[in-house]
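Engineer: As a plain string of letters, each chain reads:
Protein chains: 2
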Amino acid sequence: MILDGRKTADILNEQLKEKVLRLNRKPRLEIILIGDDPASHTYVNSKLKQASQLGMEVHINHMDESVLEDEVIQLITSFNQNNQVDGILLQLPIPKHLNEVQLMELIDFNKDVDGFHTMNQGLLFQKREGIRPATPKGIMMLLDHYHIPIEGMHVVIIGRSQIVGMPLSKMFIDRNATVTVTHSKTKNLKELTKQADILVAALGKPKFVTKDMVKIGAVVIDVGINRVDNKLVGDVDFDEVAPIASYITPVPKGVGPMTISALAHNLYELYLKGDKNT
Amino acid sequence: MILDGRKTADILNEQLKEKVLRLNRKPRLEIILIGDDPASHTYVNSKLKQASQLGMEVHINHMDESVLEDEVIQLITSFNQNNQVDGILLQLPIPKHLNEVQLMELIDFNKDVDGFHTMNQGLLFQKREGIRPATPKGIMMLLDHYHIPIEGMHVVIIGRSQIVGMPLSKMFIDRNATVTVTHSKTKNLKELTKQADILVAALGKPKFVTKDMVKIGAVVIDVGINRVDNKLVGDVDFDEVAPIASYITPVPKGVGPMTISALAHNLYELYLKGDKNT
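One line per chain: the protein sequences are A and B, in this order. When we follow the working numbering, the leftmost residue of the first sequence carries the number 1, and every step to the right adds one. When we follow the working numbering, the leftmost residue of the second sequence carries the number 279, and every step to the right adds one.
These are computed hints drawn from the structure, not numbers from a lab. It cannot be assumed that every hint is accurate.
Stated by the list, open to error - Heads up, simulated DSS-like pairs for lysine-lysine below, C-alpha to C-alpha not over 25 angstroms straight-line:
{"hint": "1", "chain 1": "B", "residue 1": "493", "chain 2": "A", "residue 2": "194"}
{"hint": "2", "chain 1": "A", "residue 1": "194", "chain 2": "B", "residue 2": "405"}
{"hint": "3", "chain 1": "B", "residue 1": "483", "chain 2": "B", "residue 2": "493"}
{"hint": "4", "chain 1": "A", "residue 1": "187", "chain 2": "B", "residue 2": "465"}
{"hint": "5", "chain 1": "B", "residue 1": "405", "chain 2": "A", "residue 2": "127"}
{"hint": "6", "chain 1": "A", "residue 1": "231", "chain 2": "A", "residue 2": "211"}
{"hint": "7", "chain 1": "A", "residue 1": "187", "chain 2": "B", "residue 2": "551"}
Using the sequences and the hints, build the whole thing.
Structural biologist: In structure tokens form, the structure reads like this:
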């Protein structure tokens, strides 16, 4: 059975849209986009389109590749201080002459729509309320939408990135799953992935997960978005694996739309948080 | 073979002592101890004794069980502002009328000797420099002292606490181990623990880990400190498991002394960090 991220995101977005309509003002996101990376532009535009459709306000602040760090600092600071701004998103990657860690840290973590700020990552670590990174959050929303049980399941994650693998592992543990994190240094990977009730591929290698790595009846989540011969391909060999999985996400229209939806949900949550504080 | 935490801590402490001697002033730790919990008093005293032996300065600020939150806030604030204070430790648990989260957060994370501050937990999550919680840090120091390889090993951790299980899992992943986190909701626990090259018991149940749960030749780390019939007992049934393990920590004199040593190492690191900043 296909876990349809496109359809699920549409349903959840529709619900979100209704909630947004009832707010006193539109939640507002400021995106800072530096340079001319085509992938970043595409991604930023999809965020803009999505949020606009949901009745949210999004501004793209496009800065030149050669921008001075001080200018970025000033912009972020002004957004931090502006209580009409609910979310700030610094689109990565940024040019190398800029200090990414320092700029990310400068964003008020109460406006950190990406959930990448050290404070938000610490809050996740402590199982406290905070903004969760969009991709792991979107995956949980998708599983919940299909009522897939998580408690007591053995989740095996391939990949240990800060934006997917690691936060996702913590979110699964907090939902009472048993979690194994694997990566490029893992020995006997297949032995581990074959034990997974829920298998998550988030390593960025096209069609890496093959049929022999998957237990019959497993739930398979494919986070990969790889461009091969101008076509989007996941980290899972879908044609091979789909017949033996109980549920599987396609690429595209799987995790991708859920990530964008989770981001919009984060902005909504930031709006509510800010409103409570004023 | 026994992983002798007492002996290892003595060796590492001796090295630390020599480094401390060369500093311009003694690293200074302020411990805040509220109320009369006997276990807390014992623990604080062992920290005091250890640090004094290493040439560090430790003050215990004992406050009454009924202390007002404002008084604790004032004390923490004064230590935050005092650049002669390198580390601040709020001994847990604290009375229920005090807001633990807020007080822990109030401690300057650059003086957070316990590594419990949200910022330090976030820094660990991001694999960045920061203060690591003492027990996981002590475990890594012990394994390293015995030159036990970590990369590519399958580590299975029983327990998902914020101060041991979770930070330890991240520290092992950062050292390129494959990590499985198990807990009270894990099904077929034995099947998982039997796969461990390194098995860590940190759940707080006396003699929980029995021989049938351990692979022959595994490294077994026992974090448990349970008092049974007025005797300290670990989470591992030592007599049963020791004969099949390649390495095993005893209780007492295993992880315990390493935790205290790691705390002193943290204070030393905080001193250096502070000095760099002035």
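Engineer: Give a verdict on every hint.
Structural biologist: Now the hints, each set against the structure:
1. B:493 / A:194: Satisfied, since the Cα-Cα distance of roughly 20 angstroms is no more than 25 angstroms.
2. A:194 / B:405: 29 angstroms, violated
3. B:483 / B:493: 20 angstroms, holds
4. A:187 / B:465: 23 angstroms, holds
5. B:405 / A:127: Holds, because 19 angstroms separates the two Cα atoms, which is no more than 25 angstroms.
6. A:231 / A:211: 21 angstroms, holds
7. A:187 / B:551: 37 angstroms, violated
This entry does not satisfy hints 2 and 7, going by the numbered hints stated previously.
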